[in-house]
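Enquirer: Next come the chains, spelled out residue by residue.
Protein chains: 2
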Amino acid sequence: MEKKTLFIGLFGLGTVGKGVAELLLKRKNKIENYEFVLKGIVVKHLNKKRNISIPSHLLTSNPGKILKDEKINTIIEVMGGITSAKDIIMEALKRKKNVITANKALLAKAGSEIFKKAQENNCYLGVRASNIASYRLVESLSSSPSEIQKLVGIFNGTCNYILTEMEKKEKEFSLILKEAQKIGYTEQDPSNDIDGYDTAHKLAVLLGLTSGYFPPLQSFFIEGIRRISYQDIIFTKELGYRIKLLAIAQKENNKLEIRVHPALISRNKALSRLEGIENGIEIRDEAGLEIGMQAPGAGKYPTATAILEDLISIARGKRLTFPQEKKGVKLKKMEDVIARYYLKFEALDKPRVLSEISGILGNYNISIQAVLQKGERKNKEKDSVPVIMLTHKAKEKNIQKALQEINELSIIKEKSLLIRVEEGIF
Amino acid sequence: MEKKTLFIGLFGLGTVGKGVAELLLKRKNKIENYEFVLKGIVVKHLNKKRNISIPSHLLTSNPGKILKDEKINTIIEVMGGITSAKDIIMEALKRKKNVITANKALLAKAGSEIFKKAQENNCYLGVRASNIASYRLVESLSSSPSEIQKLVGIFNGTCNYILTEMEKKEKEFSLILKEAQKIGYTEQDPSNDIDGYDTAHKLAVLLGLTSGYFPPLQSFFIEGIRRISYQDIIFTKELGYRIKLLAIAQKENNKLEIRVHPALISRNKALSRLEGIENGIEIRDEAGLEIGMQAPGAGKYPTATAILEDLISIARGKRLTFPQEKKGVKLKKMEDVIARYYLKFEALDKPRVLSEISGILGNYNISIQAVLQKGERKNKEKDSVPVIMLTHKAKEKNIQKALQEINELSIIKEKSLLIRVEEGIF
Numbered sequence: 001m002e003k004k005t006l007f008i009g010l011f012g013l014g015t016v017g018k019g020v021a022e023l024l025l026k027r028k029n030k031i032e033n034y035e036f037v038l039k040g041i042v043v044k045h046l047n048k049k050r051n052i053s054i055p056s057h058l059l060t061s062n063p064g065k066i067l068k069d070e071k072i073n074t075i076i077e078v079m080g081g082i083t084s085a086k087d088i089i090m091e092a093l094k095r096k097k098n099v100i101t102a103n104k105a106l107l108a109k110a111g112s113e114i115f116k117k118a119q120e121n122n123c124y125l126g127v128r129a130s131n132i133a134s135y136r137l138v139e140s141l142s143s144s145p146s147e148i149q150k151l152v153g154i155f156n157g158t159c160n161y162i163l164t165e166m167e168k169k170e171k172e173f174s175l176i177l178k179e180a181q182k183i184g185y186t187e188q189d190p191s192n193d194i195d196g197y198d199t200a201h202k203l204a205v206l207l208g209l210t211s212g213y214f215p216p217l218q219s220f221f222i223e224g225i226r227r228i229s230y231q232d233i234i235f236t237k238e239l240g241y242r243i244k245l246l247a248i249a250q251k252e253n254n255k256l257e258i259r260v261h262p263a264l265i266s267r268n269k270a271l272s273r274l275e276g277i278e279n280g281i282e283i284r285d286e287a288g289l290e291i292g293m294q295a296p297g298a299g300k301y302p303t304a305t306a307i308l309e310d311l312i313s314i315a316r317g318k319r320l321t322f323p324q325e326k327k328g329v330k331l332k333k334m335e336d337v338i339a340r341y342y343l344k345f346e347a348l349d350k351p352r353v354l355s356e357i358s359g360i361l362g363n364y365n366i367s368i369q370a371v372l373q374k375g376e377r378k379n380k381e382k383d384s385v386p387v388i389m390l391t392h393k394a395k396e397k398n399i400q401k402a403l404q405e406i407n408e409l410s411i412i413k414e415k416s417l418l419i420r421v422e423e424g425i426f
Numbered sequence: 001m002e003k004k005t006l007f008i009g010l011f012g013l014g015t016v017g018k019g020v021a022e023l024l025l026k027r028k029n030k031i032e033n034y035e036f037v038l039k040g041i042v043v044k045h046l047n048k049k050r051n052i053s054i055p056s057h058l059l060t061s062n063p064g065k066i067l068k069d070e071k072i073n074t075i076i077e078v079m080g081g082i083t084s085a086k087d088i089i090m091e092a093l094k095r096k097k098n099v100i101t102a103n104k105a106l107l108a109k110a111g112s113e114i115f116k117k118a119q120e121n122n123c124y125l126g127v128r129a130s131n132i133a134s135y136r137l138v139e140s141l142s143s144s145p146s147e148i149q150k151l152v153g154i155f156n157g158t159c160n161y162i163l164t165e166m167e168k169k170e171k172e173f174s175l176i177l178k179e180a181q182k183i184g185y186t187e188q189d190p191s192n193d194i195d196g197y198d199t200a201h202k203l204a205v206l207l208g209l210t211s212g213y214f215p216p217l218q219s220f221f222i223e224g225i226r227r228i229s230y231q232d233i234i235f236t237k238e239l240g241y242r243i244k245l246l247a248i249a250q251k252e253n254n255k256l257e258i259r260v261h262p263a264l265i266s267r268n269k270a271l272s273r274l275e276g277i278e279n280g281i282e283i284r285d286e287a288g289l290e291i292g293m294q295a296p297g298a299g300k301y302p303t304a305t306a307i308l309e310d311l312i313s314i315a316r317g318k319r320l321t322f323p324q325e326k327k328g329v330k331l332k333k334m335e336d337v338i339a340r341y342y343l344k345f346e347a348l349d350k351p352r353v354l355s356e357i358s359g360i361l362g363n364y365n366i367s368i369q370a371v372l373q374k375g376e377r378k379n380k381e382k383d384s385v386p387v388i389m390l391t392h393k394a395k396e397k398n399i400q401k402a403l404q405e406i407n408e409l410s411i412i413k414e415k416s417l418l419i420r421v422e423e424g425i426f
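Protein chains in written order, with the working numbering: chain X, 1 to 426; chain S, 1 to 426.
The hints are simulated quantities; they were obtained by calculation from the structure and are not laboratory data.
Just so you know, even glycine gets a beta-carbon here, dropped at the ideal spot from N, CA and C.
Hints may contain errors.
[As the list claims (entries may be wrong)] Where chain S lies over chain X, by a calculated footprint (3+ residues, C-beta under 8 Å):
1) 12 to 24
2) 143 to 155
3) 198 to 212
[Unchecked claim] Pulled from the structure, derived: some chain S residues nowhere near chain X, Cβ distances all over 10 Å:
4) Gly14
5) Thr15
6) Val37
7) Arg136
8) Glu147
9) Lys168
10) Glu170
11) Gly276
12) Leu289
13) Glu309
14) Ile312
15) Ser313
16) Lys318
17) Thr321
18) Lys333
19) Val371
Take the sequences, apply the hints, and build the full model.
Expert: Here it is in structure tokens:
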């Protein structure tokens, strides 16, 4: 049997980098019939304290040392950031080195360019670690002649952790967010996670890898979970749903809609049962095949395992197969999206409330499936109560216009909240 | 961009063969940047009437003509059977032709040998069509360093059709089987489908492809669906379950259990919701990743699409990657399997019945979770009524021994029925 050795340069020694280094050292560099030799690790600060024992001769702060080392045939980029990560990857590909990266923000931005460079130089580009919710599916999806008709995913462990903990601990968003920051599930500035950007990056990369079309991020509808309150968790529970931050891509009449937002999903559906930092994805293709995957969540080991699979693919001589670039994809405008909606109004509990709200909704062809009216007011003139409505299918444009009108009613005390409902697949 | 042409020889023009031929002709031989040219079709009877228009110069009854044609670089084998199919495939590989086959019975028997031959000759062996429930997963599973911990699948469309129609139409097994034969869902001799062999073949191939270990078919526990009655469908419904013919592989304490049998699966689980000829699979690996897939079922198009994907893989220059052969796999004996059980006893409704049965079960450490006692007897001395029990987890050996003792009781009027309960994954 052929025996192959990969000489590896690792860029970055954060959580994921440590996981990769540990895995390679623990396995004594051998997996199957292949040998993986860690030749060097690029770090920013050579003398930083790290709770991992790494032979010091491996460490360098000079990327050029690794890039120019002709023996190194594979680099792993887990340093993050955009500019210098891109420079390093492009330089490595130019020098015919295989590249493995977990950098979804970079891939979302420059994936098409990077993939072309890899193909030109006949290098392998491993990106399994960029989205652990889907990496086991990407390869087979990209070799399918049938296109994705619908994709629904939970790609951000932090958001899923926050939303499930709010329900379990019966606490508000801000408190759980603080806990998540404390245990290291999100950064001091959590915007990348909770405002949906991380999810959007992963969705962009996934669409690019499977269809050959990297949609521009500006065309995405992106909404985060900051406005979700414990009250909404309770109400949706009563209605038989859970709230999840979803990545959705869907094709109808040859138009593709791409959106990231919190959504209600029925408690009978597999995605609603993902807990904590778990990730998941469900896809239906145009031939009717349905495929789903759940991953145990973020952290160093799942990501390191994905990187390991890329290493095995390189060692086995797998070639980079990438769908041909697709042109002429038409994107649907958000205002044309059709969904069911969960609406929350903070209204003075006057007898007219229901009729006024439903009157406006009716004017926009929006019909109501369920109504919940909760809470007691202390002061009948001043205090408001939440009124919850679940609508039948409606057009986003109509919902937005109706909400605008409703928000202007004197009986409405706060900007109304809208959460879309998603049917899911499995 | 590279442009590649595959010259194809097709062996067999049954349902699947026709689908492949149609698909290749309909697409005008072009997919993406590749050209697929159907050069010849081997059939048994040249002059047989076929409801498909095929240029007659393509047809031949001489396999040698195709095999010896050096221009043909890819053959598709959809003729079925074992001996001559194997000869044709081995000969084609020897002559450095890529091979695509849907022949699961052959692969289950000789998969290891055929894969080795393909690797020796640097040929691609496409087997996606051998199990449409799983083909989108096989590739990624076989490149995973993490092993399968549990696999549950519905692989036989005929059985799933029969079991769902029994519930929908409220009819007995034999009547629905006749309907399935009439519409062509199964053969005049349905044994291959309903006795579980087809499912077992698919499971064997899947395990072989993903782990490198082709388990011997004799080591499988295989039980079909002939004993399932409409009554069981009703009782299991009442208990919150559905009956499905499942393929199960599971590793515990480093021992692998492989079994095919009807099983109760909760109505909340995705597999229980597969209807008609739909197929599905769920896998959990040792790293905790869970992955599932549902396919719209048998028939010419899903299978032809799978074959098309193999053609695309060949055209794209994908290499055959096959896990290294695994040795020393230990198989668990069926008697050591642990499951919950649905038991049906036909008992004379005497006051002692419940206590006698549960006494024997208790002697074997089997505890009861639920009991259903149904039906009215006309003659209290002679007529029996079904007594249904759902047990907690128990060892197969104990259940079998207990049933043997119970069957000998004078109050038991028929051989008791046992159906295992499966928890599923999604």
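Enquirer: Would you check chain S against the region 12 to 24 of chain X, counting CB to CB pairs closer than 8 Å, and say if three or more residues qualify?
Expert: violated (count 0)
Enquirer: Examine each Cβ of chain X, and state whether all of them lie more than 10 Å from the Cβ of S:Leu289.
Expert: Label violated. Min Cβ-Cβ 5 Å, cutoff 10 Å.
Enquirer: Non-interface claim for S:Thr15: all C-beta distances to chain X beyond 10 Å?
Expert: With a cut-off of 10 Å, S:Thr15 remains clear of chain X, as the shortest Cβ separation is near 17 Å.
Enquirer: For S:Arg136, is the shortest beta carbon distance to chain X beyond 10 Å?
Expert: violated (4 Å)
Enquirer: Could you check that no beta carbon of chain X comes within 10 Å of the beta carbon of S:Lys168?
Expert: holds (20 Å)
Enquirer: Does S:Glu170 clear chain X by more than 10 Å, comparing its Cβ with all Cβ atoms of that chain?
Expert: holds (25 Å)
Enquirer: Taking beta carbons only, do three or more residues of the region 198 to 212 of chain X come closer than 8 Å to chain S?
Expert: With 0 residues closer than 8 Å to chain S, the region 198 to 212 of chain X misses the three-residue bar; violated.
Enquirer: Was S:Lys318 rightly flagged as not at the interface, with every chain X Cβ beyond 10 Å?
Expert: violated (6 Å)
Enquirer: Decide, holds or violated, for the assertion that all CB atoms of chain X are farther than 10 Å from the CB of S:Ile312.
Expert: With a cut-off of 10 Å, S:Ile312 comes too close to chain X, as the shortest Cβ separation is near 6 Å.
Enquirer: At 10 Å, judged by beta carbons, does S:Ser313 keep clear of chain X as stated?
Expert: Label violated. Min Cβ-Cβ 6 Å, cutoff 10 Å.
Enquirer: Hey, does S:Gly14 actually stay past 10 Å from chain X on C-beta?
Expert: holds (21 Å)
Enquirer: Far enough from chain X: is every CB of that chain over 10 Å from the CB of S:Glu147?
Expert: Check passes; 12 Å lies beyond 10 Å.
This entry does not satisfy hints 1, 3, 7, 12, 13, 14, 15, 16 and 17, going by the numbered hints stated previously.
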